[in-house]
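There are 2 protein chains.
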Amino acid sequence: MSYDLHMSPDDFRRRGHQMVDWVADYLENIEQYPVISQVKPGEVRAALPAAAPEGPEPFETVLRDLDEIIMPGITHWQSPHWYAYFPANSSGPSLLGELAAAGLGVQGMLWATSPAATELETVVVDWMVDLLGLPTEWKTTGRGGGVIQMSASDSTLVALVTAREQAAAPTDTLVVYASDQTHSSLEKGARIAGFSHVRSIRTDAQFALDLAALQQAITADRDAGLIPAFVAVTVGTTATTAVDPVRQTATIATREGMWCHVDAAYAGSAMICPEFRHHQDGLDLVDSYTFNPHKWMLTNFDCNLYYVADRRPLLDAMSILPPYLRNEATLSGDVIDYRDWHVPLGRRFRSLKLWFVLRHYGAEGIRRFIREHVRLAQDLAGRLEADDRFELVAPHPFGLVVFRHTDGNEATAQLAKHLNSSGRVAVTPTMLGDATAIRVSIGSTRTTADHVDQLWSMIGELA
Amino acid sequence: MSYDLHMSPDDFRRRGHQMVDWVADYLENIEQYPVISQVKPGEVRAALPAAAPEGPEPFETVLRDLDEIIMPGITHWQSPHWYAYFPANSSGPSLLGELAAAGLGVQGMLWATSPAATELETVVVDWMVDLLGLPTEWKTTGRGGGVIQMSASDSTLVALVTAREQAAAPTDTLVVYASDQTHSSLEKGARIAGFSHVRSIRTDAQFALDLAALQQAITADRDAGLIPAFVAVTVGTTATTAVDPVRQTATIATREGMWCHVDAAYAGSAMICPEFRHHQDGLDLVDSYTFNPHKWMLTNFDCNLYYVADRRPLLDAMSILPPYLRNEATLSGDVIDYRDWHVPLGRRFRSLKLWFVLRHYGAEGIRRFIREHVRLAQDLAGRLEADDRFELVAPHPFGLVVFRHTDGNEATAQLAKHLNSSGRVAVTPTMLGDATAIRVSIGSTRTTADHVDQLWSMIGELA
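Residue numbers (the numbering used here), protein chains in the order written: chain A, 1 to 463; chain B, 1 to 463.
Honestly, the hints are just simulated from the structure, not real lab data. By construction, the Cβ of each residue, glycine as well, lies at the ideal position given by its N, Cα and C atoms. Careful, some of the hints might be misleading.
[Claimed, not checked] Coverage of chain B stretches by chain A, computed from C-beta distances (three or more under 8 angstroms per stretch; other residues unrestricted):
1. 106-114
2. 249-261
[Stated by the list, open to error] Computed spacing ranges between beta-carbons, pair by pair:
3. Asp21(B) x Asp281(A): 28 to 38 angstroms
4. Gly55(B) x Leu321(A): 34 to 44 angstroms
5. Asp281(B) x Arg424(A): 53 to 63 angstroms
6. Gln215(B) x Glu137(A): 21 to 31 angstroms
7. Met71(B) x Pro323(A): 38 to 48 angstroms
8. Ala46(B) x Asp11(A): 54 to 64 angstroms
[Said to hold, decoys possible] Some chain B residues close to chain A (C-beta under 10 angstroms, calculated; not the full set):
9. Gly16
10. Ala50
11. Trp127
12. Ser184
13. Leu226
14. His418
15. Thr445
16. Met458
17. Leu462
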């Protein structure tokens with residue numbers, strides 16, 4: 001067999017340089033694109049052939065189609081004008097780490113299948129414990145440990161399953177609690193794990209979990225013969241970055257024998273700055289914690305960190321050892337096999353990109369990055385507050401500002417629509433109870449004061 | 001704030017070219033490394049500092065540590081001497097597609113968050129239906145549809161949850177069936193989804209599901225008041241690539257009202273060649289199907305394809321729509337939102353690399369690739385069979401050959417140990433019942449007849 005069907009090493013080098021330049025050009029010119037794609041449903045699909053090619057096609061053709069067919073259908077999450085949802089950071093060192101990991105192409109399911117993939121992961125998740133001021137017991141040198149997963153949805157599912165297994169009672173007698181501002185992944189994870197009772201607990205005027213309502217719900221469920229099993233605490237909710245009271249909720253959870261899971265998917269990155277850590281005071285009492293360096297820590301998706309205070313219940317819930325995965329290292333107990341820390345068996349070498357990021361920026365660089373976005377958000381909030389056309393609808397402890405037009409829902413919806421259809425920025429319209437509001441999330445890798453000034457001008461003009 | 005903390009565009013270009021060359025050099029020189037890493041537990045970890053750097057570090061230092069600390073801990077899955085587990089293919093076009101996707105850094109959770117990411121995915125999963133000869137009803141133009149997930153474990157979990165929701169009976173009354181050769185992800189998925197009854201069904205002399213034993217188990221469960229709900233059929237088991245009888249099992253499933261899920265994680269790629277499709281005859285009767293282009297179709301991990309014959313029960317089980325994800329396109333019903341097709345919310349633009357691969361190789365190139373590996377495996381099986389020191393322990397319909405030393409378990413285990421400790425190849429020792437056996441999986445991207453000749457010489461010398 002002739003292996004001319006593979007790309008030759010020289011060709012890979014040449015094409016690789018070309019692709020790197022393509023990415024560099026894209027990121028340099030990203031402000032020239034409309035932030036939100038203008039294509040209509042079906043347009044991209046219609047431009048592509050209905051069948052795969054039978055024979056090989058030149059790489060130039062693929063690149064041409066990438067530019068001509070795919071790019072118009074891209075919404076530019078890496079734009080500095082990206083204020084929608086939450087940021088999905090990327091950075092030079094992260095992309096280089098991703099490339100190296102893809103090139104190595106190892107499967108880190110077991111220590112034995114590539115020891116460095118496991119040990120570097122252990123090192124960086126332990127580093128992050130110190131960087132974020134998390135309880136030192138969460139290091140793998142303590143009773144706990146961290147693992148890299150794909151998304152906070154995956155982590156929350158693992159937490160729910162571990163709690164369910166710990167509870168050792170029929171699932172339909174177990175109850176899950178979370179505030180009405182909790183991310184949808186909690187409800188989805190609970191459904192997947194088979195919980196039939198999920199209580200949506202009222203929030204206070206700040207959109208934080210109402211402890212009295214939580215306690216009432218627990219009491220009512222106990223009276224009905226049910227078993228409170230799990231409570232989710234959010235540090236930085238999706239709608240407004242509200243902060244649930246961690247210590248008080250965890251205290252209730254401890255008293256009630258419930259699993260306490262903290263979702264800091266977005267705000268966790270901010271904890272690299274000590275001044276934000278008071279928002280999650282009480283972590284010494286919780287069972288699990290999840291946050292996404294792929295949101296606001298310069299590391300491209302996917303990179304979610306999941307920590308447990310005690311790794312034993314996690315391993316009890318997740319370990320299965322078939323004969324073809326048996327090996328000396330695993331049987332010795334001297335090593336970590338991360339496949340036992342989550343649902344999937346296979347896993348990419350994701351720690352490499354996080355390691356590249358931490359070393360390129362250093363802790364101080366990431367702190368500067370986070371603090372600047374928070375400063376810009378506070379600044380924007382001040383301008384909105386000082387203008388009587390607008391009102392803030394929620395506290396803004398991090399990089400998200402949520403506001404509305406004082407003329408009401410229709411004016412607010414129109415403003416969001418005009419901002420987004422301008423092609424110049426992307427924001428997220430949302431509902432808080434009956435009120436329409438606009439989320440402005442400041443955290444894109446290259447968003448600066450100039451960009452936020454432009455946004456502010458647009459808001460003023462369109463209002 | 002000065003943004004000198006980010007890597008400049010010029011620096012990214014320069015470092016990017018350097019990293020591409022690093023990957024190209026690695027792949028060109030890969031045969032110089034011992035295939036299996038020789039490090040001891042803790043060695044890599046001990047060579048890394050206990051804390052993250054406070055300030056930035058030069059990229060040269062990171063690259064130096066990559067070479068000096070990480071590389072000795074790498075087990076080389078991309079080596080042409082890799083015969084362990086199953087292949088984890090990579091290729092030039094796939095790496096370039098991965099790089100482009102990382103550079104774009106879009107989140108394809110909804111159609112609206114980057115239409116091209118959704119529509120290209122739809123196009124390539126539909127292309128694959130034709131390429132693999134799957135039922136045309138599985139295209140998104142039919143009643144079914146495909147989606148890219150991380151791993152077969154994730155797909156199998158989704159199938160189990162969908163079946164559980166469809167059954168609409170208490171989970172502890174539902175029963176899951178699979179052969180005793182089924183991948184561990186079935187048991188793990190069942191545990192996560194909360195099933196308490198998982199039956200491991202006896203296999204025949206060819207390690208394929210014994211239909212009589214399946215029917216007996218179903219009858220016994222019905223008699224005990226339980227509800228048969230799910231059966232997994234494997235096309236190409238992990239231990240020996242055994243093939244369960246798809247049509248007969250699916251016929252039983254249809255009669256019993258059970259969900260029938262096909263796991264073709266490894267062998268699915270072979271179906272691009274029509275001559276292998278008889279192994280999965282009966283797909284017109286099944287509910288779901290999973291296979292991994294990231295194993296044996298030149299696409300680097302992660303890239304798993306999951307198909308359903310009817311997308312409605314899947315969407316019913318997986319959809320949750322919070323206010324911050326509401327948007328016109330979703331509400332119109334004109335678009336696909338892939339977040340409703342699996343557990344996680346966030347998702348990478350994984351279709352890009354599969355598209356690059358399909359266009360670079362064309363269907364014919366992939367067929368040549370698969371056929372050559374199967375030919376090499378048949379060739380090796382013939383040599384083993386002709387040598388009275390060895391015996392084959394299972395049929396070898398694809399690229400995997402499983403054999404043992406006729407002197408017994410100890411001789412077989414020693415042979416595997418010597419092969420692996422030579423540093424020149426990697427194989428997987430396993431157990432089939434009480435018998436030790438050696439799995440030789442031929443499917444690495446650049447494995448040629450010369451490599452398999454070398455392996456055969458080593459086996460002969462060490463036996």
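Taking the hints in turn, this is what the structure says about them:
1. 106-114: holds (count 6)
2. 249-261: As far as the stretch 249-261 of chain B goes, the hint is violated, because 0 residues have Cβ atoms under 8 angstroms from chain A.
3. Asp21(B) x Asp281(A): 28 to 38 angstroms: violated, 48 angstroms
4. Gly55(B) x Leu321(A): 34 to 44 angstroms: The hinted range 34 to 44 angstroms holds for Gly55(B) and Leu321(A), with Cβ atoms some 43 angstroms apart.
5. Asp281(B) x Arg424(A): 53 to 63 angstroms: 56 angstroms Cβ-Cβ, so the 53 to 63 angstroms window holds.
6. Gln215(B) x Glu137(A): 21 to 31 angstroms: violated, 52 angstroms
7. Met71(B) x Pro323(A): 38 to 48 angstroms: For Pro323(A) against Met71(B), whose Cβ atoms are near 30 angstroms apart, the range 38 to 48 angstroms is violated.
8. Ala46(B) x Asp11(A): 54 to 64 angstroms: For Asp11(A) against Ala46(B), whose Cβ atoms are near 40 angstroms apart, the range 54 to 64 angstroms is violated.
9. Gly16: holds, 3 angstroms
10. Ala50: Hint holds; Ala50(B) Cβ to chain A Cβ min 8 angstroms, cut 10 angstroms.
11. Trp127: holds, 4 angstroms
12. Ser184: Since the shortest Cβ distance to chain A is 4 angstroms, the answer is holds.
13. Leu226: Cβ of Leu226(B) sits 16 angstroms from chain A, so the hint is violated.
14. His418: Violated, about 15 angstroms.
15. Thr445: Holds - the Cβ of Thr445(B) comes within 10 angstroms of chain A, reaching about 7 angstroms at its closest.
16. Met458: It is violated, given that the least Cβ distance between Met458(B) and chain A is near 20 angstroms, above 10 angstroms.
17. Leu462: violated, 19 angstroms
Of the numbered hints listed earlier, those contradicted by the structure are 2, 3, 6, 7, 8, 13, 14, 16 and 17.
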